[in-house]
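K.L.:
Listed below are the residues making up each chain.
2 protein chains.
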Amino acid sequence: MGPDVKKGHIAVQNVSPRVDGGSRRAKAIVGDAVHVEADILRDGTSMLGAVIRYKSTGDSRWSEAPMTQVDDRWWGRFQPTAVGVCKYTIEAWTDRFATWRRDLSTKIEAGQDVDVELEEGALLLEAHVPVVPREHRKTLREAVEMLRRPPTSGGAGFEDPRVALALDPALASVMHRHHDRTGGTIYKPALELTVDRERAEFGAWYEFFPRSTGTAKEHGTFKTSKKLLPLIADLGFDILYLPPIHPIGETDRKGKNNALTAAPGDVGVPWAIGSKDGGHKAIHPELGTIDDFDDFVTEAEKLGIEVCIDFAIQCSPDHPWVGEHPEWFHHRPDGSIKHAENPPKKYQDVYPVNFDTDNAEELWLELKSVIDHWIAHGIKIFRVDNPHTKPFPFWEWLIEEVRSEQPEVIFLSEAFTRPRVMSELAKLGFTQSYTYFTWKNTKWELEDYLTKLTQTEMAHFFRPNFFTNTQDILHEYLQTGGPPAFKVRLVLAALLSPSYGIYSGFEFFENTPREQGSEEYLDSEKYQLHPRDYSNRPGTLMPYIKRINEIRGKYPVLSRRGNLRFHPVDKDNLIAFSRSAPGLDPILVVANLNPFHWEEGTVTLDLGALGVDPFRPFEVQDLISGASFMWHGPHSYVRLDPAEEPVHVFVVRR
Amino acid sequence: MGPDVKKGHIAVQNVSPRVDGGSRRAKAIVGDAVHVEADILRDGTSMLGAVIRYKSTGDSRWSEAPMTQVDDRWWGRFQPTAVGVCKYTIEAWTDRFATWRRDLSTKIEAGQDVDVELEEGALLLEAHVPVVPREHRKTLREAVEMLRRPPTSGGAGFEDPRVALALDPALASVMHRHHDRTGGTIYKPALELTVDRERAEFGAWYEFFPRSTGTAKEHGTFKTSKKLLPLIADLGFDILYLPPIHPIGETDRKGKNNALTAAPGDVGVPWAIGSKDGGHKAIHPELGTIDDFDDFVTEAEKLGIEVCIDFAIQCSPDHPWVGEHPEWFHHRPDGSIKHAENPPKKYQDVYPVNFDTDNAEELWLELKSVIDHWIAHGIKIFRVDNPHTKPFPFWEWLIEEVRSEQPEVIFLSEAFTRPRVMSELAKLGFTQSYTYFTWKNTKWELEDYLTKLTQTEMAHFFRPNFFTNTQDILHEYLQTGGPPAFKVRLVLAALLSPSYGIYSGFEFFENTPREQGSEEYLDSEKYQLHPRDYSNRPGTLMPYIKRINEIRGKYPVLSRRGNLRFHPVDKDNLIAFSRSAPGLDPILVVANLNPFHWEEGTVTLDLGALGVDPFRPFEVQDLISGASFMWHGPHSYVRLDPAEEPVHVFVVRR
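Taken in order, these protein sequences are the chains called A and B. First residue of the first sequence? That's 133 in this note's numbering, and the numbers climb one at a time after it. First residue of the second sequence? That's 133 in this note's numbering, and the numbers climb one at a time after it.
Any given hint could be a false lead.
With a straight-line Cα cutoff of 30 Å, these simulated BS3-like cross-link-like pairs (lysine-lysine) come out [what the hints assert, rightly or not]:
1) B:470 <-> A:139
2) A:512 <-> B:138
3) A:187 <-> B:320
In short, the hints are calculated from the structure, not lab data.
The following block holds chain A by itself, in its conformation from the complex (with noise of 0.2 Å):
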């Protein structure tokens, strides 16, 4: 077999985004622009044209956006018009009439005779003029027989009129808009993006148990929940997490504070899921019935709230599943069921389910079957529970058959595990991850796991969810700091991530663990009723928290990542960072890490990243205290005593 001689002259390389080789899909939004770039290639010295070529799901056609260049690296935006997947490639050619047009610039500059060259321009444009639309070929044919007229004394170089037509920028601009792409190339395969709605970017989350709506004799239900809802709304909350809110098992029943033994009255652990009562499909009869729950969730909705569950798979020794597939569990020499375990730790009330039984195949659409149920009931999120205890292909085929149906369902994994699972997962399809931010309480700590997280290729596909606190999560910072470093953490949450939440008890200061050390709660409502009561707002972090979001609504430069740059402070303890973006009001954060004393320090700000003339005088107000003062130049003294306010966060006026 011969050489294959037709493959041309131009190479498209490195692309980006593209993960892991083109095999995973970065991450979008819809609507918002999608930066391409490309290293677009080619033997010698001919010059390129270049476009994006880009397909949103339900597209039939390719749309284009245009690329520029610098250097040898080309770049463009697009925007996909749908959820769901969008395929984007490149399509590169040789731009003969524009090489031509430099060439005899350049030529005639050195004072050389292009006679030759004006009869190549004429070829050039004969072989083009049926390839313009009708009513540009009569320019085409009058350039032609233009170039063809002999040297006139009308001029030389550039004063020759003929020369003039070939330099034309009419001329220049049809052939740019009907060029000629023969002998091109496009990137393949093409890339895919998933594209997702809004609340996959920019959210903030509250999670609460529907079962501490109640008294403390008295278990909460959805009905008492949505008593709740008015109130989450008003404080500013997109998204309402619930722990599982199905049946909860008998068996082996875990009491207060991990007791092995549930004492009578105990409510048990929501995620030991299933009883005779049923199991995922069903709902905790406690909580009430299905129709509480959907008009739970239709009250969330009309306030703006969407409700996500829990999506534990693991079930009670109670589950139906146990009884009907005893096949999906593990058996253990002696005959019993393997309950959960983390050597030493053992989870006897839970049974994790064996995906390795010789019946996946049902196991699995079992599975995609409670999402599908749910879906049913209105809830388009789910807060996946220890994802990465389960096969990396089921998740992979579990996502992406429910996004193909439902391309706007928002998966949530909570993995607090190693990175490199947490980014596996998040590749393989994961919405939003969970992540490290609640165990980062240092400045440096900070700025290096931010700096991972929006400066290198995790940027494309993870998207995180910094949660200042989870059931299980207490860290010693906010066990020790006292209000002002739940504030500090509020704001760092909030401002440095789109996506953030809160647990509830964070609103009421609740900071005691289950015994020193310890990163659980102490009572922790994951075993027991916990009321609460909102009624007090003033004594409570409520009015922080509301002003914090409404913050967050009104500047749209907090609602994508991206636009995140850290700013130099001579102070260990004081953190400061801006958010900015063309043409969107930037925002610039102050914080003081030590939640015991008062710092102060020189903040260098990066006046280039804040758009600020350095010559000039520029304006910041504190959106929480409403001071205003006027700053000049890069340097900036600032004081925050945690007493009164441990963090400015600054509008910067331009």
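Starting from the structure of chain A, add chain B where the hints point.
P.N.:
Leaving out everything else, chain B in the frame of chain A:
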């Protein structure tokens, strides 16, 4: 169609080396260890095992090399055993026995009852009996029997003899050596390496024009060139690169100093290839016959020198192809054939080849036959002139075809063009590449450039060859800096890069440009004879070159890339770097980049990189002056006077 539930648990990701997502090959040297890394991930907490699998050209079976882990990142090394292409991949599996053993230990430490666990272990071992070689089966059967004994009074916990056996290292060793890979995964598709012989990585190059080995009046020949071979060998050069040796065109021949018209007797430009005496397969008659050439190559080989010839795809107007294959050239509207140009520059004595010809297949095959022709005459190294002006797919095809038949062939890419194009040429197959080294003369430039070459993905596929000068580039630093500048640039080229070269004249300190601001040589031998007097060696750089090449030969750490470290010096004109690798003597170079004045300063050594104990004195010996110094700790004073010696080349004694 149901879900594919058989995909297993393990994901292998982010394999290194992997160029362009696996679509291109990384490069390696036969017999050298290739360092491989990968993320190997599994859901849950089971322990894993992994190996590299590899298969060199000619191997009928895959070999394996062990991998070890640091968290989820695994690494290992293997040695390709033949030049050509080596495939490699990673196999990973769940190590059920190791997992069981670890969990058993943990549970016993926590004081838990492990009777059921022991039976689980017995089942595991029992199932494993058929897997192990016959001689180990008894061991397993006895272990099974032991694990199933009832609890005795022999002891509890770790004292229990059943537990002692379960944790016995001898048993673990049998199970480790004969493990079960069921349910594991093999990374697909396998990646590929280009495996070269050592000369692809390590060699000292010398370029000369054979025609300059005569006298001012007498055209040099292969016979006169042959007389220089012992001297070149004595200087320590490995490769002798000859500009084109083919008949030179008469039509539009250039005169001295690139004059548009040749005077009678002018010898022309060797790159204007082809005359009535033949084309790319012929020898320029004034150099001698093909027998003379063969004789020259044979003699060089005897002296340990390999001859490299130039492959320049372009033709003088007198080249036989112009008459035989007019379709291989660009014809202009006036009937002329288009000569080479880079507007406004014109190369009237050269026709470029038109790769867009309809007869491209015959052209490609003819070009390959040129390479084959010279391979048949003993040439295995080709310096390719201006590869960036010919289509990338052509080079990809040519190099692959040639190397599939002759894998030891080396292609050096002469491309001083844009960095992304140079990378592309390296990725598509060129063995080595010219670099920007000639233009990197300050400390910052050198450190920045070398960091790019050695610390980025480039290190996997781009092998730099550092020429100090070429027939086209005489840098201003050499024009003005005198002998100290030549010494510094020689040391930098030869000791920063395993492949380096000089173009003749360098050893005579030739440094006169055609005019001020030009990088061209005055009276360049591109256009005329340039005989040199090699007899007076002491007054030249030759003894110094010989010494540097001796050092390169004596210290193996200098023969590979990837072991470079720059050390801070508190003066901009002083640069310090070391080359070090486990088990080899480290070389430390300190150079004064200012050829006009002495400089003194303090080097802050990274003693860890040098393998030096920071708390004990160590000896450094200057391999140029012979002087030894005792140093202690990281800070050392240096003073270098260009009038004496502008560099230290230390070997560090540990």
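K.L.:
Against this structure, judge whether each hint is valid.
P.N.:
The hints, checked one at a time:
1. B:470 <-> A:139: 24 Å, holds
2. A:512 <-> B:138: Given pair residue 512 of chain A, residue 138 of chain B holds - Cα atoms ~28 Å apart, limit 30 Å.
3. A:187 <-> B:320: 29 Å, holds
In terms of the numbered hints stated before, the structure departs from none.
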